[in-house]
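Read top to bottom, the protein sequences are chains A and B.
Under numbering that gives the first Met the number 0, the first residue of the first sequence carries the number 0, and numbering increases by one thereafter.
Under numbering that gives the first Met the number 0, the first residue of the second sequence carries the number 0, and numbering increases by one thereafter.
If you're looking for bench data, these hints aren't it; they were derived computationally from the structure.
Treat the hints with caution; some may be incorrect.
To be verified - Non-contacting residues of chain B with respect to chain A, defined by C-beta distances greater than 12 Å in every case (computed):
1) A20
2) G124
3) W138
4) K224
5) F307
6) L414
7) L423
8) T432
What the hints assert, rightly or not - Covered stretches of chain B (chain A as the covering partner; in silico rule of three or more C-beta atoms under 8 Å from a C-beta of chain A):
9) 72-78
10) 346-360
These numbers come from a predicted model, not from an experiment.
By construction, the Cβ of each residue, glycine as well, lies at the ideal position given by its N, Cα and C atoms.
Next come the chains, spelled out residue by residue.
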Amino acid sequence: MQHRSFIYKVYDLYRDGFRHMRLGKTLWLIVLVKLFVIFVVLKLFFFPNFIGQHAKEGEEDAFVATQLLERE
Amino acid sequence: MQEILSTIDTGTIEWSRAQFALTAIYHWLFVPLTLGLAVIMGIMETCYYRTKDVFWRDVAKFWQRLFGINFAMGVATGIILEFEFGTNWSNYSWFVGDIFGAPLAIEGIVAFFMESTFVAVMFFGWKKVSAGFHLAATWLTGLGATISAWWILVANAWMQNPVGCEFNPDTMRNEMVSFADVALSPFAIDKFCHTVISAWIIGAVFTVAVSGWYLMKRREVPLAKVSLKIGAIVGIVASIGAALTGHHSAYSVAQVQPMKLAAMEALYNGGTDQSLTGIALINPFEQPDYANQEEPDLKIAAPYALSFLATNDLHGYVPGINDIIKGGYINAKGEVELSLDEKIERGKQAITALASYRQAKKDGADETSLASQLAIIKENMPYFGYGYIKSADQIVPFVPVNFYAFRVMVGMGCLLILFFAVILFFVYRKDITRAPKWLYLSAIVMVPLSYIASESGWLVAEFGRQPWTIQDMLPTWVSVSNLQSSSVMITFFIFLALFTTLLVVELSILFKQIKKGPEYEQV
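Work out the full structure, taking the sequences as your base and the hints as a guide.
Laid out in structure tokens, this is it:
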């Protein structure tokens with residue numbers, strides 16, 4: 000890869016940047032743990048798509064219509 | 000089956016509302032500091048670019064480090080709100096999908112690509128890119144965050160004032176007919192300007208507070224001196240800007256959400272020449288008896304000021320809670336306002352016509368009979384939500400929260416103007432490095448107070464919108480999913496634990512870095 004190419008410069012920016020991080024390493028660890036908790040634990044176990052779970056595929060409008068029209 | 004579907008557990012509604020409020024309030028702890036510090040660090044680095052003095056580079060890097068901590072803590076906290084739409088508020092989510100989905104998708108794309116790209120250049124690129132490109136990356140990081148805020152606020156503005164859409168009874172969704180009407184609605188523009196400018200205040204207060212702490216400890220005096228000056232200038236400009244945009248926002252609210260304004264003012268009975276309440280005696284824990292009371296007790300008000308705020312006319316007509324329920328007055332659009340009973344009737348017509356349309360379509364009815372139902376739906380759709388209203392008290396927001404939150408916000412706004420003016424007096428006319436200790440301590444105290452003011456603004460916006468998730472079109476108890484309230488309660492406490500942990504971690508890292516101070520590179 001030519002050392003002056005744009006792609007190399009981008010790669011070099013990130014490589015050097017991550018390599019020399021100090022506080023950044025702690026912050027990245029927190030970010031990754033947070034993203035895991037949000038997208039794996041919370042989303043999978045606590046926040047399903049309610050309509051997707053209760054309505055047949057292609058009949059979501061009928062499900063919502065029933066909810067809206069029957070709700071008091 | 001009908002019984003299960005027709006009523007919803009009030010616990011589900013209240014826990015769902017509480018959960019959304021909790022997650023939104025926590026999210027809003029991180030966002031304004033991101034937006035505000037983005038301006039501060041941009042100014043610092045601009046000073047470096049112009050002077051080539053490495054002192055400014057090190058000052059900019061210090062504030063960028065604090066920005067980075069807050070940015071890392073806050074990132075993805077907003078995603079949880081979107082999860083809640085799909086699970087707790089599924090009827091709402093489907094009903095608005097095409098309108099809400101586009102701004103939120105754009106927000107996510109902008110946030111992911113623009114902010115994350117330029118924040119990497121900002122942190123990693125000091126020795127890799129030119130000074131000009133680095134400066135641009137710093138400003139573009141802030142701009143990316145601000146553009147993200149734009150789209151979220153467009154979505155929220157649409158909830159308050161649904162425009163640019165048409166309801167499709169076949170898909171049961173509101174469909175966007177004018178992207179410009181949604182993205183550039185006057186309500187959205189007012190909300191964006193006021194919200195972003197108030198975020199700049201948070202950044203400014205934070206900067207002044209950290210700098211004040213350094214001066215109190217007789218540390219980092221050169222950094223503290225320049226940062227305090229820049230923070231105070233940004234702060235006073237933003238505070239005055241917030242007052243002006245706040246006035247405009249209140250005017251917008253008067254046009255499209257008169258009940259919210261009436262609740263903010265505890266205006267039970269309106270009229271012309273209305274005064275703006277400074278303070279009054281309202282029980283903070285219960286809804287006042289607006290139907291029978293003429294006005295709140297011990298009211299101290301500025302004459303004509305509410306009429307001016309709401310109509311730009313000292314003698315303008317401002318409807319109170321009872322006027323909005325009774326109707327019959329000329330509203331902001333110049334039309335005779337329907338009474339609540341008339342709106343309920345039209346809402347019921349819309350619901351009945353929708354049910355008839357869908358049944359007729361299912362039965363294979365011809366286009367002519369479908370067309371008549373469609374016409375009724377279209378004519379009455381703006382009042383769809385009223386079809387679910389059973390009594391007048393359901394459309395009146397909880398007045399005490401609106402009343403006191405509005406006053407906290409405005410009161411703090413005035414105090415902030417005074418505070419920054421005093422700081423600047425010491426900066427320009429005295430010696431800020433030898434100011435009395437109470438000044439530095441007051442700067443530190445201003446941080447939580449400013450956050451309380453900022454969150455109070457959101458309380459006014461969202462409590463004042465009740466009972467609607469979409470103004471006039473969908474109330475909360477119809478928007479919410481038919482979930483067990485216990486499951487919503489469990490996730491409420493999970494979020495409470497998660498966000499409190501995040502906040503404690505952020506504060507401990509921030510305090511540690513502030514105590515550590517800036518790093519001055521060898522030239």
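Here is how each hint holds up against the structure:
1. The Cβ of B/A20 lies farther than 12 Å from every Cβ of chain A, with a closest approach of about 17 Å, so its non-interface assignment holds.
2. For B/G124, the condition that its CB be more than 12 Å from all CB atoms of chain A is violated, with the nearest at approximately 6 Å.
3. Consistency note on B/W138: stated as away from chain A, and its beta-carbon is indeed over 12 Å from all of that chain's, at 18 Å minimum.
4. Look at B/K224: its CB is around 25 Å from the nearest CB on chain A, clear of 12 Å, so calling it non-interface holds up.
5. At the 12 Å boundary, the C-beta of B/F307 stays outside the reach of chain A, the nearest C-beta of that chain being 41 Å off.
6. The beta carbon of B/L414 sits about 34 Å from the closest Cβ of chain A, which is more than 12 Å, so the claim that it is off the interface holds.
7. With a minimum CB-CB distance of about 32 Å to chain A, B/L423 clears the 12 Å threshold, and the non-interface call stands.
8. The claim that B/T432 lies off the interface holds: its Cβ sits roughly 28 Å from the closest Cβ of chain A, which is beyond the 12 Å cut-off.
9. With 4 residues having a beta carbon nearer than 8 Å to a beta carbon of chain A, the segment 72-78 of chain B meets the requirement of three or more and the stated coverage holds.
10. Chain A is given as covering the segment 346-360 of chain B, and this holds because 4 residues of the stretch bring a CB closer than 8 Å to a CB of that chain, at least three being needed.
Checked against the numbered hints given earlier, the structure breaks only hint 2 and satisfies all the rest.
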